[in-house]
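Q: Letter by letter, the chains look like this.
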Amino acid sequence: MEKFDVIVIGGGVVGTAVLRSLAAYQAKVLLLEKASDVATGASRANSGIVHAGYDAETGTKKAFFNVKGAAMFPALTKELHVPYKQVGSLVAARETGLPALRVLYDRGVANGVKVEIIDRKRILALEPNVSDQIAYALYAPEAGVVSPYKLTIAQADHAVINGAEIRLEEKVTSLEKREDVFYLSTDKGTYAASYVINAAGAGAAEVNALIGEDAPVQTHAVGDYYILDSKEAGVVNTVVFPLPDEKGKGILVAPTADGNVILGPTSRKIPHEAAEDNEVTRDGLALVREGVGRLIPSVNLRNVIRVYAGTRTAVGNDFIIEESKKYKNYFMLLGICSPGLTSAPAIGEYVAGQAAAALGLVKKQQTIPLPDRFHLTKASEEEIKQKVASDPTFGRIVCRCEKVTEGEILAAIRSPLPARTVDAVKRRVRAGMGRCQGGFCRPRVMEILSREFGIPLSAVRLGDKGSEIAPYEVKDGYEKI
Amino acid sequence: MKKFDVVIIGGGPAGMAAALGAREEGATVALLERDDRLGGILNQCIHNGFGLHYFGEELTGPEYAKRFRDKVLSDQNIHVFLEAMVLSLTEQKVVRAISPTEGLIEIQAGSVVLAMGCRERSAGAIALAGTRPAGIYTAGMAQRLCNVEGYLVGKEVVILGSGDIGLIMARRMTSEGAKVKLVAEIMPFSSGLKRNIVQCLNDYDIPLRYSTTVTRVTGKERLTGVYVAPVDEKMQPVLEQEEYIPCDTLLLSVGLIPENDLLTGTSVEMSRVTSGAVVDEYRQTSAEGIFSAGNVLHVHDLVDNVSEEAYIAGRSAAKYVKGELPFSVTVSVTPASGVRYALPQKVHTGEGKVKLYFRVDKVYRGRTVVVTSAGEVIKRKKTLVMAPGEMQNIEIDKSLIKGDVCIYTEE
Numbered sequence: 001m002e003k004f005d006v007i008v009i010g011g012g013v014v015g016t017a018v019l020r021s022l023a024a025y026q027a028k029v030l031l032l033e034k035a036s037d038v039a040t041g042a043s044r045a046n047s048g049i050v051h052a053g054y055d056a057e058t059g060t061k062k063a064f065f066n067v068k069g070a071a072m073f074p075a076l077t078k079e080l081h082v083p084y085k086q087v088g089s090l091v092a093a094r095e096t097g098l099p100a101l102r103v104l105y106d107r108g109v110a111n112g113v114k115v116e117i118i119d120r121k122r123i124l125a126l127e128p129n130v131s132d133q134i135a136y137a138l139y140a141p142e143a144g145v146v147s148p149y150k151l152t153i154a155q156a157d158h159a160v161i162n163g164a165e166i167r168l169e170e171k172v173t174s175l176e177k178r179e180d181v182f183y184l185s186t187d188k189g190t191y192a193a194s195y196v197i198n199a200a201g202a203g204a205a206e207v208n209a210l211i212g213e214d215a216p217v218q219t220h221a222v223g224d225y226y227i228l229d230s231k232e233a234g235v236v237n238t239v240v241f242p243l244p245d246e247k248g249k250g251i252l253v254a255p256t257a258d259g260n261v262i263l264g265p266t267s268r269k270i271p272h273e274a275a276e277d278n279e280v281t282r283d284g285l286a287l288v289r290e291g292v293g294r295l296i297p298s299v300n301l302r303n304v305i306r307v308y309a310g311t312r313t314a315v316g317n318d319f320i321i322e323e324s325k326k327y328k329n330y331f332m333l334l335g336i337c338s339p340g341l342t343s344a345p346a347i348g349e350y351v352a353g354q355a356a357a358a359l360g361l362v363k364k365q366q367t368i369p370l371p372d373r374f375h376l377t378k379a380s381e382e383e384i385k386q387k388v389a390s391d392p393t394f395g396r397i398v399c400r401c402e403k404v405t406e407g408e409i410l411a412a413i414r415s416p417l418p419a420r421t422v423d424a425v426k427r428r429v430r431a432g433m434g435r436c437q438g439g440f441c442r443p444r445v446m447e448i449l450s451r452e453f454g455i456p457l458s459a460v461r462l463g464d465k466g467s468e469i470a471p472y473e474v475k476d477g478y479e480k481i
Numbered sequence: 001m002k003k004f005d006v007v008i009i010g011g012g013p014a015g016m017a018a019a020l021g022a023r024e025e026g027a028t029v030a031l032l033e034r035d036d037r038l039g040g041i042l043n044q045c046i047h048n049g050f051g052l053h054y055f056g057e058e059l060t061g062p063e064y065a066k067r068f069r070d071k072v073l074s075d076q077n078i079h080v081f082l083e084a085m086v087l088s089l090t091e092q093k094v095v096r097a098i099s100p101t102e103g104l105i106e107i108q109a110g111s112v113v114l115a116m117g118c119r120e121r122s123a124g125a126i127a128l129a130g131t132r133p134a135g136i137y138t139a140g141m142a143q144r145l146c147n148v149e150g151y152l153v154g155k156e157v158v159i160l161g162s163g164d165i166g167l168i169m170a171r172r173m174t175s176e177g178a179k180v181k182l183v184a185e186i187m188p189f190s191s192g193l194k195r196n197i198v199q200c201l202n203d204y205d206i207p208l209r210y211s212t213t214v215t216r217v218t219g220k221e222r223l224t225g226v227y228v229a230p231v232d233e234k235m236q237p238v239l240e241q242e243e244y245i246p247c248d249t250l251l252l253s254v255g256l257i258p259e260n261d262l263l264t265g266t267s268v269e270m271s272r273v274t275s276g277a278v279v280d281e282y283r284q285t286s287a288e289g290i291f292s293a294g295n296v297l298h299v300h301d302l303v304d305n306v307s308e309e310a311y312i313a314g315r316s317a318a319k320y321v322k323g324e325l326p327f328s329v330t331v332s333v334t335p336a337s338g339v340r341y342a343l344p345q346k347v348h349t350g351e352g353k354v355k356l357y358f359r360v361d362k363v364y365r366g367r368t369v370v371v372t373s374a375g376e377v378i379k380r381k382k383t384l385v386m387a388p389g390e391m392q393n394i395e396i397d398k399s400l401i402k403g404d405v406c407i408y409t410e411e
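Taken in sequence, the protein lines are chains A and B. Letter by letter, the first sequence follows residues 1 to 481 in the working numbering. Letter by letter, the second sequence follows residues 1 to 411 in the working numbering.
Cβ-Cβ distance ranges computed for the label pairs, FRET-style:
1. B:K3 x A:R373: 34 to 44 Å
2. A:N317 x B:E233: 45 to 55 Å
3. A:N317 x B:D205: 57 to 67 Å
4. B:Q76 x A:F453: 36 to 46 Å
5. A:E383 x B:T101: 10 to 20 Å
6. A:A389 x B:E288: 28 to 38 Å
7. A:A379 x B:K3: 20 to 30 Å
8. B:E288 x A:A379: 30 to 40 Å
Hints in this document: simulated from the structure, not taken from any laboratory. Keep in mind it's a predicted model, so treat the numbers as computed, not measured. Ideal placement from N, C-alpha and C gives every residue a C-beta, glycine not left out.
So here's chain A without its partners, still in its complex pose:
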């Protein structure tokens, strides 16, 4: 049985943040993830907003980690080479919404967030396309947008090059504590650990139940989103929210960190069994269109390239970030819904610190930085020339919409946490994320995966087990003319 100092369960943005922070210590650490890649749950399908921190009630964990996390983003995303833009956010309100904006303003000030209430003239300077109904807005210049899955993946890669291990497609099936040791088994192996961190997201209640800890009452809400073609970029410059209501922060319009436009989400309660279905509904999409119309009516929905849904799991009104009272050294991260993405880096640091203190772990003298990768669309003329001369695969464009080269795809497949599926490649390098949605490049990405892993094309998957894309061989081959 393999023995680890710390095992993290769950490879979302929170679990990988914890793992990355743990990798800064001299310790043997492991992350177990049931899916075929990290960032396949809520960390994949969310709004990708770095919230400024005026939204959460003062004094809550949400407020604390939000504000602390948001401040980490500029340096962190630079260090991990993750797309991030500090575009600022607006909560846009009608004439009658001013009192509600004042409440948010006061909360922002109390939480230590830079906020101001601006009038229509200043709103128009930021957002020329805003609805003529909008009179006032709460402006938070330090809010931003980030690619949530790229952050998760970069945290994972960075942890791995610093000695942490990640095992994918291993679902924890039992967890118990005997004396001072935790014993975990998965469908593939058994492990022992001195410290266990439950960062299983929507599955966190099940993990708690395995060990005998109280299973928290989770509530799940699914939200529908539209993603628009990058040619629609420019219709919105900042993250534009409506006034929040009891369901949440409402349907927003925002640029994405990768240059698209995002619209959504709705908020529809779903039962626990459906938490991973992520089903887009026609009604949900209609609500998004209505909501967007109230903020930026000129958004052109003819430029939609993708619709999807994401689920957020809450436990009560605040995050639960605490050690189990029953089981010492079992740490729980429950209900990390919005602003979970923003909070994740701060949560990671905090929880790793807790584990280190409990186990007496010592920090490494230094950690290995995550190297930046070549991206054709970001490289200079000179860099491109040198790169293609040394490796011709960087001159072979596979995804024509996003201009992704074979070399970039190979780098993703050979990265510290290798991309093993078509979707995993897509999340790392954007092949298939453009306007044709993989219409041309998917068979080529499949060929590359098949070649690199030495598997037949029929075994190449979109994502998790059972998602083979072209599972059958045709009866006859055909001669090339």
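Guided by the hints, dock chain B onto chain A, whose structure is given.
A: Leaving out everything else, chain B in the frame of chain A:
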């Protein structure tokens, strides 16, 4: 910087015909193709039916492509760049491309022919509701996987849309042992060719339901089924009549979009109807020296028409470089009653004949096509049947053109 008289972007049927057309006028030609071989989508179209008009015989897609490819490759004055993806094009006609063997390629062109073809409308573009499992493909992607890679995407199939590739794939998958349960078409008519409906669906007893759409899909890792429903006159699904069809595959054949992304940021005038450039009879766009032909100009149903159109564009592009393209007044060609679009959208006055291509907006029987110029009828043609899926054409005498041209149908 390299220099060529004519640079052709795209080495499919349009690009190859344009190259041959330009050579006929003596131009030096650069042909840039992003794939590792010439032929474009023809290479995955292993069915027959190509070339009936152009060659007077029935060929498969690869055979049709080979006829052009052999000529192109044997011409020393056509420089073919393979695996060369064009990154940008300026109105000064500087073309920047990248390829694994040559790295960054920069070419100053005398004239440019756009021949990039089209792409398929995706599940995202139609905002398909439901889950996001494997098992949903554009028809062309499934066709490539089947005919080029040799793998079948599934066994129980529903097809949304009755575009030609969808119809062809209905037959293709059936011949590989799959069961095609339904072809659902949201319109009250098909955008595909009549012959494909007969030969690919009727001959195999595959049901085709008009005014029907897929409302959502189910399945987590792999598609498990789709809901279909009829649509009302506003094209909205009647959800009370939703019906569940278990299947592991949904093919989408819901439209083709000319790939004109290279033109973003240029002044080239575009048509909202065709999503291609506005051109004259030489297939010259509003940017002087930039020509367009094939599916990047407007979506064709027959490759024969693509070849004919691209040949004109290639010849004209070469003539432009020599300064031989006639200067004269242009008049506009506009569609009216029953005609969705007509192309070219501009015609020069002068001598000779010009063929106007057009599509009707629904199925018409026994109609007369009328062309007027400056309000006077200059041509009439009786037709038996005209369908939106089949491009029509009518030839007119340029000498009769005295003012703006209008094309319409009447009882």
